[in-house]
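Residue numbering for the sequence shown follows UniProt numbering, starting at 1 and increasing by one per position.
Simulated from the structure, these hints should not be mistaken for lab results. On a predicted model such as this, the values are computed, not experimentally measured, just so you know. Take the hints with a grain of salt, since some may be wrong.
Unchecked claim - Think about it this way: if two alpha-carbon atoms lie no more than 30 Å apart in a straight line, the pair counts; the simulated DSS-like pairs of lysine-lysine are:
no., residue 1, residue 2
1, Lys23, Lys121
2, Lys51, Lys121
3, Lys14, Lys51
4, Lys14, Lys121
5, Lys23, Lys51
Stated by the list, open to error - Computed Cβ-Cβ distance ranges for the label pairs, DEER-style:
no., residue 1, residue 2, range
6, Ser97, Arg52, 23 to 31 Å
7, Leu111, Asp64, 16 to 24 Å
8, Glu11, Gln53, 15 to 23 Å
The beta-carbon is built from N, C-alpha and C at its ideal position, and this holds for glycine as well.
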Amino acid sequence: MGRKLEFDPDEKLKAAMRLFWAKGYAGTSLQDLVEQLEINRFSLYNTFGDKRQLFVTALERYSDQIIGRLIEPLLEPNAGLDALDRYLEQLQRGLNSSAGDFGCLVQTIGLEAANGHAELKELAVQRLQQLGELLRQTLLRAREQGLLAEHIDPTAAADMLLAQVQGAIFLRRATGNSDQSDRSLGMLRQQLRTWRTDIDQV
Numbered sequence: 001m002g003r004k005l006e007f008d009p010d011e012k013l014k015a016a017m018r019l020f021w022a023k024g025y026a027g028t029s030l031q032d033l034v035e036q037l038e039i040n041r042f043s044l045y046n047t048f049g050d051k052r053q054l055f056v057t058a059l060e061r062y063s064d065q066i067i068g069r070l071i072e073p074l075l076e077p078n079a080g081l082d083a084l085d086r087y088l089e090q091l092q093r094g095l096n097s098s099a100g101d102f103g104c105l106v107q108t109i110g111l112e113a114a115n116g117h118a119e120l121k122e123l124a125v126q127r128l129q130q131l132g133e134l135l136r137q138t139l140l141r142a143r144e145q146g147l148l149a150e151h152i153d154p155t156a157a158a159d160m161l162l163a164q165v166q167g168a169i170f171l172r173r174a175t176g177n178s179d180q181s182d183r184s185l186g187m188l189r190q191q192l193r194t195w196r197t198d199i200d201q202v
């Protein structure tokens, strides 16, 4: 019969996720994990595997809990332009909070991949592509609903939205304040209104 764990693995995984979120994969050492999780290396390996395995599990938690909450409006059955605006509003609020200091874990590992951590590239690209496709599907649905202006190409618009969102997140973390990211997302939401067919454009 296995020895009962003296800690809650779920709580330790949450702590690991927050550490990776704050410091990135490369910036987080095994010793950092041992100290933050308050467990020894044997317990860490025995419960989560090596650093990479723990990171992948933590990234899944981040995707489910952090990104998952953020994109909830886009997952609604009839999600269209209203849902897209709510998504941007939630992102805007998130970046205006203290959590904005951490930026985006997916973006962080993407930047690390560009600096030689190629093993992280696939993880970052996959999740960015998933978000881009979700944005595209939302815009396609808006087109089917007759709410997206004919001159807006859903694929190109989704690419632009993804780039703008990632840029705002980067600005928030790089500058340490939300001034520029808030203005950027506010302007993006205004631009989104000009794509609609159900609002008179001035």
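These are the hints, each one checked on the structure:
1. Lys23 with Lys121: holds, 17 Å
2. Lys51 with Lys121: holds, 16 Å
3. Lys14 with Lys51: With a Cα-Cα distance of about 15 Å, the restraint between Lys14 and Lys51 holds, given a limit of 30 Å.
4. Lys14 with Lys121: Measuring from Cα to Cα gives roughly 23 Å; hence the hint holds.
5. Lys23 with Lys51: holds, 14 Å
6. Ser97 with Arg52: 23 to 31 Å: holds, 30 Å
7. Leu111 with Asp64: 16 to 24 Å: For Asp64 against Leu111, whose Cβ atoms are near 22 Å apart, the range 16 to 24 Å holds.
8. Glu11 with Gln53: 15 to 23 Å: Because 18 Å falls inside the window, the suggested range holds.
In this structure, every one of the numbered hints holds.
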